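*Asks:* Listed below, chain by chain, are the residues.
Number of protein chains: 2
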Amino acid sequence: MEGFNVAIVGATDIVGQEIVKVLEQHKFPVASIQLLSPQYSSGVKLLFNHQRIEVKEAKPELFRDVDIAFFSVSADISRRLAPLAAETGAVVIDDSGAFDMSSTVPLVVPEVNPEDMEWHKGIIASPRCSTIEMVVALHPLHKVNPIKRIVLSTYESVSSSGSAALKEMTNQARLVLEGRRICPHVYSHQIAFNVLPEIGVFLDNGYTREEQRIAEQARRIWHTENIAISATCVRVPVWFGHSQAVTVEFGSPITPDEAKKILAQAAGVRVLDDPTVSFYPQPWAASGSDHVFVGRIRKDVSHPNGLVMWIVADNVRKGAALNAVQIAETGIERDWVGVKQSLASLNE
Amino acid sequence: MEGFNVAIVGATDIVGQEIVKVLEQHKFPVASIQLLSPQYSSGVKLLFNHQRIEVKEAKPELFRDVDIAFFSVSADISRRLAPLAAETGAVVIDDSGAFDMSSTVPLVVPEVNPEDMEWHKGIIASPRCSTIEMVVALHPLHKVNPIKRIVLSTYESVSSSGSAALKEMTNQARLVLEGRRICPHVYSHQIAFNVLPEIGVFLDNGYTREEQRIAEQARRIWHTENIAISATCVRVPVWFGHSQAVTVEFGSPITPDEAKKILAQAAGVRVLDDPTVSFYPQPWAASGSDHVFVGRIRKDVSHPNGLVMWIVADNVRKGAALNAVQIAETGIERDWVGVKQSLASLNE
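Residue numbers (the numbering used here), protein chains in the order written: chain A, 1 to 348; chain B, 1 to 348.
Bear in mind the hints are in silico, worked out from the structure with no lab data behind them.
Only a predicted model underlies this, so the values are computations on that prediction, with no experimental measurement involved.
It is possible that some hints are incorrect.
Same chains, same names: a pair is fine if it fits in one copy or spans any two.
[Unchecked claim] Heads up, simulated DMTMM-like pairs for lysine to aspartate or glutamate below, C-alpha to C-alpha not over 20 Å straight-line:
#1 K260 / D116
#2 K299 / E225
#3 K260 / E225
#4 K143 / E333
#5 K45 / D13
#6 K148 / E258
#7 K56 / D116
#8 K299 / E216
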């Protein structure tokens, strides 16, 4: 196999850079690669497999020969550019949220609903980081004992707000430790040594867009309207890794031991659960890992059919870049994503 | 009134120092004060009302003339010393947890169950910081619409682990920012730029002691066995202020507007809730304040009788020192705490 012509739109930001890294590490069959930026780019060069590649401004004509285009940009840019890329016959894998609820775009987590890729029409959406780690961890349980309700509290790192947020948190921490004043830019308030219950814009119902999206995305991925989900999303002063305290009500009782046994064999999941030696998932330790880590699995003492657990994953890697590459890999394996027919042959 | 002979046991640690500050600020009627330490003290002096007072080792005979003794030490020291202090006729106000579940010791949050003080036998217990802020915020709602179930996720600051933890977090943050290695002592793992789902020792059921205690204490304070409570307690890299994401199921539906109206008039509570301008409680801002702050009050979209809210309070102040002083003040006001009879007159 010769490989695929790949483009990464948003190659200069955190997730784009992590996509580059995952493609390299997975020895993804790349015939050619374009690193694109939504803005004008003045010739900055980035590495791919030890080659220096100039970042170019993403323009529709650049997708002509592209087979697979990873998009990690803002929703409005995706909304404009992704359909143009797909029109050329490229398969777009987009994590911007622009197509989350579009009936013509499947929303895919390969461990959960790979078969939804089959009906893609050129664009496949990758969900929010928090949705991905939650459904990867809960799906193996949901398959054997359907979930009725989820109450979720998140502890989300700053990296999912982009590189400016990483810098803001680091600089603030330095200034605060020196006893100096800080001035927030990316976030509404100080994030260093503080926690902020605000991720995404606020909606009329008092939830944030992020809180509502996790619920909507999870139901869409699971193809059900029958799971009630209430989330509180909170930003914490952590660079990488999103943590979640999850309270789950199942259709019937399930013991922690049963759950551990099921999760121990689940794709993409690692169980870290030995309280006797303080062994549980932590964002600091999960940083850079491919897995969704689950621990503190225990009976919900407030509900007969409930379990409580603690889920952690690297939001940039498993929560974004890796999921996008896994979509491409799974699609290739099952022939839902391939080398594109030339436009000429398509038009014949 | 001449005032009371007061002792503070544990005067050198964070909560003891905060009790000193609250007594000064409230102009508590102090006739004399003793600052005591559970360990041998080599003459260190601390200020009270601009006077330098030598810290002495806490010994039973020192309580002879004490009317009110605030205890903020470990549970085993309280278990040994507090009954001896109470035997002299002093009223002990203890936050160690040693007497939480003792049927002869009332567990009191003055905004919630002041009347339990009436039957004290020399010792009154003050609950854990997380319990205090939760019940102060929820009690006004519980009174009008009895609570059935609470799912709680906490975001707890390091100060409730004592001054060594404050230092550990600060030093770790400095070292990590310099790219150097850290070695945890107070906590099992790194706390700077990380979150740890471990507060208190782990029990056989997978919960920690802290998680179980919040549930037990809340039910005891509310005098009911009919509230199911499941907590996940998490340490976050914040110096002062505990935050809570709280999902509450009431006996019947209650709207966010009704809840806000009730809480706006509640003792000890401040509602900070205007999402349009990112106005909500934060630990950084709550630090040093007497109030329990409540925000992000919204309908629980996963339950018809549910509300979700975000509660923040200064764990050292409202969560410990202030509650202890409020117990003394309320007790004095209602004549359940007073200047002690001399032992001679008691023995007559």
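*Asks:* For every hint, state whether the structure bears it out.
*Replies:* Hints, one by one, checked against the model:
1. K260 / D116: Result: close neither inside a copy nor across copies, 28 Å intra and 43 Å inter.
2. K299 / E225: This pair counts as between: shortest inter-copy Cα distance 19 Å, intra-copy 25 Å.
3. K260 / E225: Answer is neither: 27 Å inside a copy and 30 Å across each miss the 20 Å cutoff.
4. K143 / E333: neither (24 Å within a copy, 60 Å between copies)
5. K45 / D13: within (13 Å within a copy, 55 Å between copies)
6. K148 / E258: within (18 Å within a copy, 28 Å between copies)
7. K56 / D116: neither (32 Å within a copy, 72 Å between copies)
8. K299 / E216: Classified as between; 17 Å across copies, 26 Å inside a copy.
In terms of the numbered hints stated before, the structure departs from hints 1, 3, 4 and 7, listed from lowest to highest.
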